[in-house]
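If you read the sequences in order, they're chains H and Y. So for the first sequence, the working numbering puts the first residue at 1; every next one is plus one. So for the second sequence, the working numbering puts the first residue at 1; every next one is plus one.
Please keep in mind that the hints were generated in silico from the structure rather than gathered at the bench. The structure displayed is predicted, hence computed values, not measured ones. It is possible that some hints are incorrect.
What the hints assert, rightly or not - If the Cβ cut is set under 10 Å, some of the chain Y residues that face chain H in the computed set are:
| no. | residue |
| --- | --- |
| 1 | Trp124 |
| 2 | Leu135 |
| 3 | Asp145 |
| 4 | Gly197 |
| 5 | Pro242 |
| 6 | Phe310 |
| 7 | Val311 |
| 8 | Gln373 |
| 9 | Glu374 |
| 10 | Arg448 |
| 11 | Asp467 |
Positions of the beta carbon are idealized from the N, C-alpha and C atoms, including for glycine.
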Amino acid sequence: MPIALEEQKTGFGPSFFSLCTLHISLNNNHVSPRVLCIIALLVLPATARAERATTWSFLANQVGPEWRINGQARTTAGIGGLHIATQSEVSIFRELNAEHPIHGVEITYLAPEGTEALLLWKEPGTPQNEVIQMPLPLHQALVPTQQRISIERYPDLSSRPEILGLRLPAGADVQILQIRLVGWGIVDRLKTAVQSFWKFDRMSPYSVNFLWGPVFAANPYALLRLFEDLPPQGTYANALWYKLLLVLVVLAWASSKWRRSWKIPAYAIACTVAVLWILSDVRMGAEIFSYAISDSAGLQAEDPQDTQFRERGNFPAFIADAAPLVADRGRYVFLTQYPYPFLGLMRYHTYPALPVAPEAAAEGIDTWVVFARGDLGIDPEGRLTSEGAPITAPGKILLDFGPDSFVFRTGA
Amino acid sequence: MILFSFMIGFAPLWIIGVLAVRAMQGSSPVLTRSECAVYGAIVGPTLVMTILFLLAWAGMPINATGGATALSIAGIPLLWLVRKHLGSLQIKQSLERLKGMIAASRPTVRWNSETLLRAILGIWILAKLSAGSSLLLHDPAYNDDVFNNWNYRAKILQNEQRLTLEFPYNPGVPAGVAAYPPTVPLIRAWIAIAAGGWNDDVIGLIAPLSYLLALAIIFLAIRREAEGTWALLGLYIASSLPLSLLHGITPYADLFVALHIAAALLPIFHALRSTDVASRTAWLRVGALSAALLPMTKNEALLMHLPIIFVLAAGAIAHCAHKRSLSGHQALRAALWYATLTLAVLLPWLLYKYSNGLAFGNAKPIDTALAWQEGALRALFITWVLETNFLLLPGLLGALLLVRQRAAFGTPLLVLSLFVLGIIAELIGIFSFTGLSAEALRQTGSARGIIQIVPIMVILATLLLRDWWNAVRSS
């Protein structure tokens with residue numbers, strides 16, 4: 001069966017509007033920077049401007065002979081795509097002769113459970129066994145879902161691989177609907193740069209130590225994960241501003257030699273610095289506002305269990321309810337899946353009552369504070385259990401804060 | 001209500017600070033009222049807490065009685081000194097003048113471009129600070145150093161009412177935090193005691209107050225040297241630095257150190273700019289007081305900042321003596337002020353440190369094994385220059401230091417220039433050659449080193465910018 005190979009071209013062409021603008025500007029008998037920009041856009045090859053994509057669809061049994069598979073797996077080409085259930089680690093790949101550069105790969109898939117897949121990429125001219133593997137986590141997806149990866153995250157890679165494919169671990173169960181290989185042009189990149197400048201990071205514990213600030217993502221896929229994968233992949237805005245200012249200083253210096261005056265070049269530099277400074281200030285000020293808005297939105301929920309405070313979820317709401325229950329206990333056992341930062345926060349907010357390790361329970365401690373521990377529960381006899389085994393005497397739940405968080409007291 | 005609760009504890013410290021600054025000026029006041037208020041708010045809390053620390057070490061409890069005793073020990077002699085220098089007549093005159101000023105300051109707003117600029121700037125700063133304050137109020141103890149160190153130690157001091165180096169049940173608490181000077185936690189404990197109990201929102205106000213004081217000292221220092229527009233520009237530059245704002249809403253101690261550095265260094269600069277001997281010596285005495293209190297802020301202030309400030313103060317005094325703008329006797333007296341006040345604070349603190357085996361590093365001990373640390377320099381460049389922590393300030397200041405060398409190194413601005421370059425050299429040295437490079441690579445401490453000198457950097461950049469601008473206009 002042949003693989004459906006279609007190439008899409010999207011993006012800007014020389015529009016009627018830009019041609020009109022050109023005509024009007026030329027009639028004024030001078031060549032303005034605006035005209036130069038338009039000419040530059042027109043003379044650029046269309047491929048440099050447009051997004052170009054190659055789509056390999058696996059829908060309706062479309063799996064061609066160029067695909068190869070290594071490893072043990074049950075593969076089924078069906079109407080809904082290529083279904084792969086692996087018994088061992090499996091690689092599925094094919095050779096390609098890409099007609100356009102490939103800057104990003106998008107996979108549309110279904111997966112009843114998440115799996116840690118790898119994207120396989122072989123550079124042209126490299127030894128046969130030298131295949132680069134890039135992490136491509138395929139999260140649980142019960143409806144068709146896209147996972148995208150920016151190849152430009154790896155600056156040493158060319159944009160024209162010889163072989164491309166996927167590696168799946170043993171036990172993976174994935175249905176691939178489509179693989180899309182995308183190359184972007186200048187217009188897409190400019191648009192992405194503007195969007196990424198205004199994309200904000202979240203308030204995090206590291207924000208008091210440093211702020212990433214605006215980062216120009218290389219392409220739309222990199223933009224999607226700009227502050228998800230750290231450090232963010234892209235160009236710091238400041239790096240660009242400094243380069244711009246350096247060029248301006250050189251031009252100003254040259255201009256001052258020619259005009260024999262520093263005044264106008266100096267004003268130009270001062271104005272540029274001022275504009276960039278204010279722009280950066282507005283951008284970072286907006287980020288601070290976004291933190292405040294995000295905090296307020298997360299804390300709006302009526303039920304404290306549904307509140308969402310930064311990366312700590314509903315822990316602040318939990319602690320507000322739990323702290324009064326341990327205030328008179330002196331010491332209490334605190335159990336959580338995430339000792340950092342919750343242990344320190346618990347200790348701070350309940351001081352002078354102190355959280356202790358469960359081993360200290362034998363010293364007469366009767367109160368157990370449990371946060372985000374799904375393996376703990378209460379058995380029918382009213383005892384606290386860990387993976388089904390009782391670990392305390394019978395007692396009572398004092399605070400029920402969702403399925404895996406509660407305050408329990410023995411003998412109550 | 002939160003502000004009122006905060007002021008119950010803070011106001012007495014502030015008054016002591018104003019009295020101390022006023023007393024140090026002697027019979028020749030050189031600081032304006034605004035400067036007195038700002039310098040007083042910086043040195044007052046540290047001065048009182050240094051006394052409270054000594055009292056607590058001697059066995060007095062850290063509670064309302066202990067605090068009131070410390071306030072009295074500081075306040076009574078200072079009040080006597082101020083009265084002695086000013087005389088009651090002058091105090092009355094000052095009050096009359098104040099009444100006149102209040103009467104004259106009835107709102108007569110005339111809208112011109114500068115007023116509009118001020119209004120826009122004020123609204124923008126307030127808007128950002130309000131957004132930031134809402135973050136602060138959502139969880140004042142959000143950050144690690146708040147709930148594992150500063151506020152936690154303050155809670156322990158308030159609860160146990162004595163100096164303690166023990167951290168009950170301390171997983172996650174860095175071993176070295178007990179070696180920090182107790183001033184910052186003591187101030188917070190005192191505010192809690194005065195407010196009638198611990199309240200995170202009340203204690204959290206320390207951060208915006210420090211931020212506003214930093215903006216104020218920058219504005220006032222530039223205003224003393226240049227026209228109001230330049231002071232406003234400096235204020236804008238300082239308020240636009242995102243990481244400074246983050247520290248203005250996080251109850252850490254780096255802005256606190258920054259304020260003390262500014263209060264110790266700027267008087268040396270102002271002394272060199274003074275035109276008469278009385279002003280010069282008054283500024284140096286104010287500087288001596290602030291410098292003496294600097295080691296009580298954080299450990300790095302003792303090891304990194306104080307030595308450079310001492311060298312600069314000694315250089316400034318020697319320069320004045322050489323130029324005969326201070327007599328030999330006056331120069332010696334100025335040097336003695338520095339030596340006496342610093343020893344008075346430092347000796348007990350060092351004794352306490354040695355007697356308890358406390359380290360001189362911060363959370364991590366000082367690493368004396370020197371080796372080149374791969375990647376640290378690049379990490380510093382990214383944190384300081386490429387990320388937007390300080391917008392374009394590092395680049396702007398670097399460029400100005402290059403193109404305005406004569407102003408930067410041939411005028412009293414030399415004090416500020418050498419300090420900034422000296423600290424940056426120290427930071428580069430520490431992060432590039434010691435195990436503390438991990439702090440640079442993980443970006444956990446390197447930007448905070450700059451936060452501590454941001455007020456000086458902003459003042460220096462603004463004054464050099466003004467110098468450059470005037471040169472361009474007259475070319």
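Legend entry - Structure versus earlier hints - violations, ascending order: Of the numbered hints, 4, 6, 7, 8, 9, 11 do not hold.
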